[in-house]
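There are 2 protein chains.
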Amino acid sequence: MKVIKFGGSSLASGEKLQKVHQLLAEDLSRKIVVVSAPGKRFAGDAKVTDLLIDCATKRLLQEDTEAIFAKIIHRYRDIALDSDMDLAIIEEIEKDLTLLLAADTNDPDVFMDKIKASGEDNNAKLVAAYLRHQGLEATYVNPKDAGLFVTAEHANAQVLPESYRNLYKLREQPGIIVFPGFFGYTKAGEIVTFSRSGSDITGAILANGIQADLYENFTDVDAVYTVNPNIVKDPEQINELTYQEMRELSYAGFSVFHDEALIPAFKAGIPVHIKNTNNPFSEGTKIVKQRLGSSRPVTGIASDGGFCSIFISKYLMNREIGFGRKILQILEAHHLNFEHMPSGIDNLTILLRENQLTATLEQTLITDLETELKPDSIHIQHQISLIMVVGEEMRQNVGITARAAKALSGSCVNIEMLNQGSSEVSIMFGVSEEQEERAVQALYEEFFVQVLK
Amino acid sequence: MKVIKFGGSSLASGEKLQKVHQLLAEDLSRKIVVVSAPGKRFAGDAKVTDLLIDCATKRLLQEDTEAIFAKIIHRYRDIALDSDMDLAIIEEIEKDLTLLLAADTNDPDVFMDKIKASGEDNNAKLVAAYLRHQGLEATYVNPKDAGLFVTAEHANAQVLPESYRNLYKLREQPGIIVFPGFFGYTKAGEIVTFSRSGSDITGAILANGIQADLYENFTDVDAVYTVNPNIVKDPEQINELTYQEMRELSYAGFSVFHDEALIPAFKAGIPVHIKNTNNPFSEGTKIVKQRLGSSRPVTGIASDGGFCSIFISKYLMNREIGFGRKILQILEAHHLNFEHMPSGIDNLTILLRENQLTATLEQTLITDLETELKPDSIHIQHQISLIMVVGEEMRQNVGITARAAKALSGSCVNIEMLNQGSSEVSIMFGVSEEQEERAVQALYEEFFVQVLK
Numbered sequence: 000m001k002v003i004k005f006g007g008s009s010l011a012s013g014e015k016l017q018k019v020h021q022l023l024a025e026d027l028s029r030k031i032v033v034v035s036a037p038g039k040r041f042a043g044d045a046k047v048t049d050l051l052i053d054c055a056t057k058r059l060l061q062e063d064t065e066a067i068f069a070k071i072i073h074r075y076r077d078i079a080l081d082s083d084m085d086l087a088i089i090e091e092i093e094k095d096l097t098l099l100l101a102a103d104t105n106d107p108d109v110f111m112d113k114i115k116a117s118g119e120d121n122n123a124k125l126v127a128a129y130l131r132h133q134g135l136e137a138t139y140v141n142p143k144d145a146g147l148f149v150t151a152e153h154a155n156a157q158v159l160p161e162s163y164r165n166l167y168k169l170r171e172q173p174g175i176i177v178f179p180g181f182f183g184y185t186k187a188g189e190i191v192t193f194s195r196s197g198s199d200i201t202g203a204i205l206a207n208g209i210q211a212d213l214y215e216n217f218t219d220v221d222a223v224y225t226v227n228p229n230i231v232k233d234p235e236q237i238n239e240l241t242y243q244e245m246r247e248l249s250y251a252g253f254s255v256f257h258d259e260a261l262i263p264a265f266k267a268g269i270p271v272h273i274k275n276t277n278n279p280f281s282e283g284t285k286i287v288k289q290r291l292g293s294s295r296p297v298t299g300i301a302s303d304g305g306f307c308s309i310f311i312s313k314y315l316m317n318r319e320i321g322f323g324r325k326i327l328q329i330l331e332a333h334h335l336n337f338e339h340m341p342s343g344i345d346n347l348t349i350l351l352r353e354n355q356l357t358a359t360l361e362q363t364l365i366t367d368l369e370t371e372l373k374p375d376s377i378h379i380q381h382q383i384s385l386i387m388v389v390g391e392e393m394r395q396n397v398g399i400t401a402r403a404a405k406a407l408s409g410s411c412v413n414i415e416m417l418n419q420g421s422s423e424v425s426i427m428f429g430v431s432e433e434q435e436e437r438a439v440q441a442l443y444e445e446f447f448v449q450v451l452k
Numbered sequence: 000m001k002v003i004k005f006g007g008s009s010l011a012s013g014e015k016l017q018k019v020h021q022l023l024a025e026d027l028s029r030k031i032v033v034v035s036a037p038g039k040r041f042a043g044d045a046k047v048t049d050l051l052i053d054c055a056t057k058r059l060l061q062e063d064t065e066a067i068f069a070k071i072i073h074r075y076r077d078i079a080l081d082s083d084m085d086l087a088i089i090e091e092i093e094k095d096l097t098l099l100l101a102a103d104t105n106d107p108d109v110f111m112d113k114i115k116a117s118g119e120d121n122n123a124k125l126v127a128a129y130l131r132h133q134g135l136e137a138t139y140v141n142p143k144d145a146g147l148f149v150t151a152e153h154a155n156a157q158v159l160p161e162s163y164r165n166l167y168k169l170r171e172q173p174g175i176i177v178f179p180g181f182f183g184y185t186k187a188g189e190i191v192t193f194s195r196s197g198s199d200i201t202g203a204i205l206a207n208g209i210q211a212d213l214y215e216n217f218t219d220v221d222a223v224y225t226v227n228p229n230i231v232k233d234p235e236q237i238n239e240l241t242y243q244e245m246r247e248l249s250y251a252g253f254s255v256f257h258d259e260a261l262i263p264a265f266k267a268g269i270p271v272h273i274k275n276t277n278n279p280f281s282e283g284t285k286i287v288k289q290r291l292g293s294s295r296p297v298t299g300i301a302s303d304g305g306f307c308s309i310f311i312s313k314y315l316m317n318r319e320i321g322f323g324r325k326i327l328q329i330l331e332a333h334h335l336n337f338e339h340m341p342s343g344i345d346n347l348t349i350l351l352r353e354n355q356l357t358a359t360l361e362q363t364l365i366t367d368l369e370t371e372l373k374p375d376s377i378h379i380q381h382q383i384s385l386i387m388v389v390g391e392e393m394r395q396n397v398g399i400t401a402r403a404a405k406a407l408s409g410s411c412v413n414i415e416m417l418n419q420g421s422s423e424v425s426i427m428f429g430v431s432e433e434q435e436e437r438a439v440q441a442l443y444e445e446f447f448v449q450v451l452k
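Protein chains in written order, with numbering that gives the first Met the number 0: chain W, 0 to 452; chain U, 0 to 452.
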């Protein structure tokens with residue numbers, strides 16, 4: 000039994016829906032289909048979700064919503080017309096959205112979530128009708144009826160554990176289940192949406208709930224790549240990677256997938272297969288709990304800029320019990336998250352994302368650190384990039400750090416920071432942002448290109 | 000103007016004192032002589048300080064001190080006899096020690112410090128008399144009269160800042176000043192000793208106080224070596240190293256010098272020259288604030304065992320504001336110093352000296368961490384060694400990390416941890432204790448042997 004999720008661009012037109020039908024018809028173990036709202040059909044096209052946000056905003060500002068409302072309904076209608084479907088479903092969608100827009104707007108967050116969620120909800124109804132029109136047994140299922148309950152955090156709902164038990168019952172329902180992504184209901188019956196990648200989250204929750212054998216995630220890229228294609232031209236694809244590897248790569252800005260969205264599936268040990276709707280013959284990328292060894296020690300390389308480091312030195316600081324704790328307490332008082340805290344002899348560096356700091360906050364922070372710690376010196380360095388070199392095989396392979404460091408020095412990249420912990424499947428390098436691309440290229444060359452020669 | 004300090008083995012016999020005389024006679028800028036208590040004359044011999052501790056302990060236990068007292072006086076007498084000196088000085092020493100032993104023993108710490116300090120104090124009197132006997136103008140100066148004031152922390156005195164101003168006046172005094180090492184006086188007139196390497200501390204304080212051009216530290220080794228001679232046979236000597244390099248090497252168990260002892264000299268930017276009394280023609284090692292560049296990127300390698308690491312992993316830990324702070328707070332509550340806290344994605348390792356832990360404390364600590372942090376996993380690894388590769392030139396040299404890591408992997412040493420921060424003159428490797436020697440040998444081979452070939 001599989002859960003299959005389609006992104007917005009895979010559901011943007013009648014033509015795209017044909018591919019969806021084909022995928023479901025050829026493999027009846029694809030039991031639950033999770034749908035997004037219709038996405039872009041072409042560059043410059045609008046996503047239905049964006050139109051809905053626009054519409055809801057106008058309503059909240061008491062502006063005219065007629066034109067934008069028509070545009071939204073047209074998107075659904077175009078899909079139905081493309082597919083020679085009965086337009087009764089469009090009337091149903093139109094009625095639903097009219098009702099929703101007429102709802103109470105006293106709490107703008109509640110109102111906004113309702114309107115946003117309708118994009119997925121109505122598209123699920125449309126896709127179910129389309130699949131029936133194509134001769135498949137398919138039923139739209141509403142998250143409330145299925146028991147997908149969440150917390151009341153608008154735009155950041157967290158699934159309630161009891162949902163999994165409720166969703167397990169979907170296994171018994173005959174035919175294909177078409178399920179809207181992106182939202183759930185509070186126990187009080189209020190719609191609340193998930194954070195970004197919300198449909199991925201719904202799919203992962205369902206995969207966990209029904210104890211799926213596989214969670215297939217159809218999107219518009221062929222695979223997860225070994226390195227950012229904007230930095231290295233035509234990089235290799237990753238065919239298989241572990242949850243842990245995915246997590247480490249995502250951390251440093253691997254953008255194909257927001258790994259947190261997949262947690263519910265990971266927790267149940269369910270493999271996730273990322274595939275391209277437009278190119279279903281491409282192998283895609285499978286994310287698994289464990290995988291067989293690979294001849295290649297490095298699975299992928301990721302990088303992310305926007306970090307800064309605060310260097311603090313004080314003679315004999317490690318004799319002062321509480322020195323490190325005081326630093327972290329000051330960060331906490333300013334609601335700052337730190338990422339890493341590497342230390343030398345008599346010095347210590349705090350690495351944090353610099354978007355948390357304003358010039359004023361930075362000054363206050365430094366002053367507080369100076370007052371509290373009386374360091375010998377303190378200074379802040381901006382625009383640092385972190386580069387992650389990731390691979391499960393690195394646990395066993397003693398020479399990887401040496402090769403990586405050599406590749407960087409060979410390209411005249413200055414390693415500002417190097418962190419390799421125990422029990423790790425990654426090495427982290429800190430470099431200046433301006434050297435990031437050169438560094439990533441050198442590492443890719445070392446671990447992916449040269450081995451092929 | 001120079002301060003010259005002699006260790007106990009350099010003052011252990013009349014023959015040794017001849018060398019001291021020669022060194023002072025040939026360079027009259029050697030203004031202040033800091034002396035230790037007489038040390039060992041041969042393997043198995045007793046140091047006077049140890050005899051004094053023994054004697055004081057017997058007195059505190061109300062045991063008979065006659066035999067040990069005689070043994071102590073004999074050590075001084077032997078030196079005087081060797082040198083054909085008038086024995087009046089020995090009578091003076093005998094009287095002094097008799098008086099001290101008769102003193103109040105209500106506070107054992109106070110009593111013990113008095114007796115211990117007498118080893119240096121009486122030897123300074125003896126050395127001054129000896130130098131006069133040899134025709135030099137030499138005066139014994141008592142720390143109280145010179146104004147060397149310290150805190151009342153017995154066996155761990157800290158110098159009071161006003162001492163430096165007082166000591167500056169010694170510049171005006173004619174002739175050679177013979178000054179006892181190891182102790183100072185509280186403002187109330189009580190004797191308090193320094194921690195280990197106490198005479199080194201006195202020398203460094205005097206060098207700072209009189210604004211010496213050089214602090215010469217005569218001991219019984221030719222130089223500071225590039226690596227521990229117990230691990231690598233006949234290693235090269237270091238001719239010159241910076242304060243910072245010395246500090247980093249000392250941290251990881253470089254035992255020739257306890258770097259903290261030299262701080263007062265370092266603070267005033269005074270160079271320290273370590274030389275061998277028994278081999279004054281050997282170049283020795285100079286410790287300076289800054290040095291000219293060297294063609295060699297690594298100055299020295301040091302290592303130290305006895306560390307353990309606590310590995311803590313928890314998914315998304317860096318989103319939890321206060322996670323790191325809580326860990327450090329728990330350590331603090333148990334009065335534990337941590338050395339380093341490297342972190343990966345979703346995990347963090349605490350490195351600490353394992354002599355701080357008992358089996359019970361370890362268990363309590365782990366339980367507390369589990370209760371407070373609810374980590375996904377936590378485990379402790381024992382018997383870790385830290386290896387420091389140190390050199391000022393590393394700031395500029397991008398390839399050192401690569402070379403070091405390659406040397407280790409080439410010797411099949413598994414790098415458990417690697418930490419290279421910004422603005423650092425060192426790289427720190429964590430390896431298992433059993434791989435420590437092999438690792439140090441491989442690094443020595445890489446940075447010191449191969450370059451000579």
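Any given hint could turn out to be false.
No copy is singled out in the list; a pair is fine if it fits within one copy or between any two copies.
Unchecked claim - Cross-link-like lysine to aspartate or glutamate pairs, in silico, EDC-like; alpha carbons within 20 angstroms at most: (1) Lys288 / Asp106; (2) Lys325 / Glu93; (3) Lys18 / Asp49; (4) Lys70 / Glu90; (5) Lys70 / Asp95.
Derived from the structure by calculation, the hints contain no laboratory data.
Now for the hints, and whether the structure bears them out:
1. Taking CA atoms no more than 20 angstroms apart as the test, lysine 288 paired with aspartate 106 passes in neither setting, with 42 angstroms inside one copy and 66 angstroms between copies.
2. Taking identical chains as interchangeable, the C-alpha atoms of lysine 325 and glutamate 93 are never at most 20 angstroms apart, the minima being 58 angstroms within one chain and 53 angstroms between chains.
3. Within a single copy, lysine 18 and aspartate 49 get their C-alpha atoms no closer than 24 angstroms, and across copies no closer than 90 angstroms, so neither meets the 20 angstroms cut-off.
4. Taking the closest pair of Cα atoms, lysine 70 and glutamate 90 come within 20 angstroms of each other only inside a single copy of the chain (14 angstroms); across copies the shortest separation is 112 angstroms, beyond that limit.
5. Proximity of lysine 70 to aspartate 95 under the C-alpha cut-off of 20 angstroms is restricted to the intra-copy arrangement: shortest distance 15 angstroms within a copy versus 105 angstroms between copies.
Hints 1, 2 and 3 from the list above are not met by this structure, while the remaining hints are.
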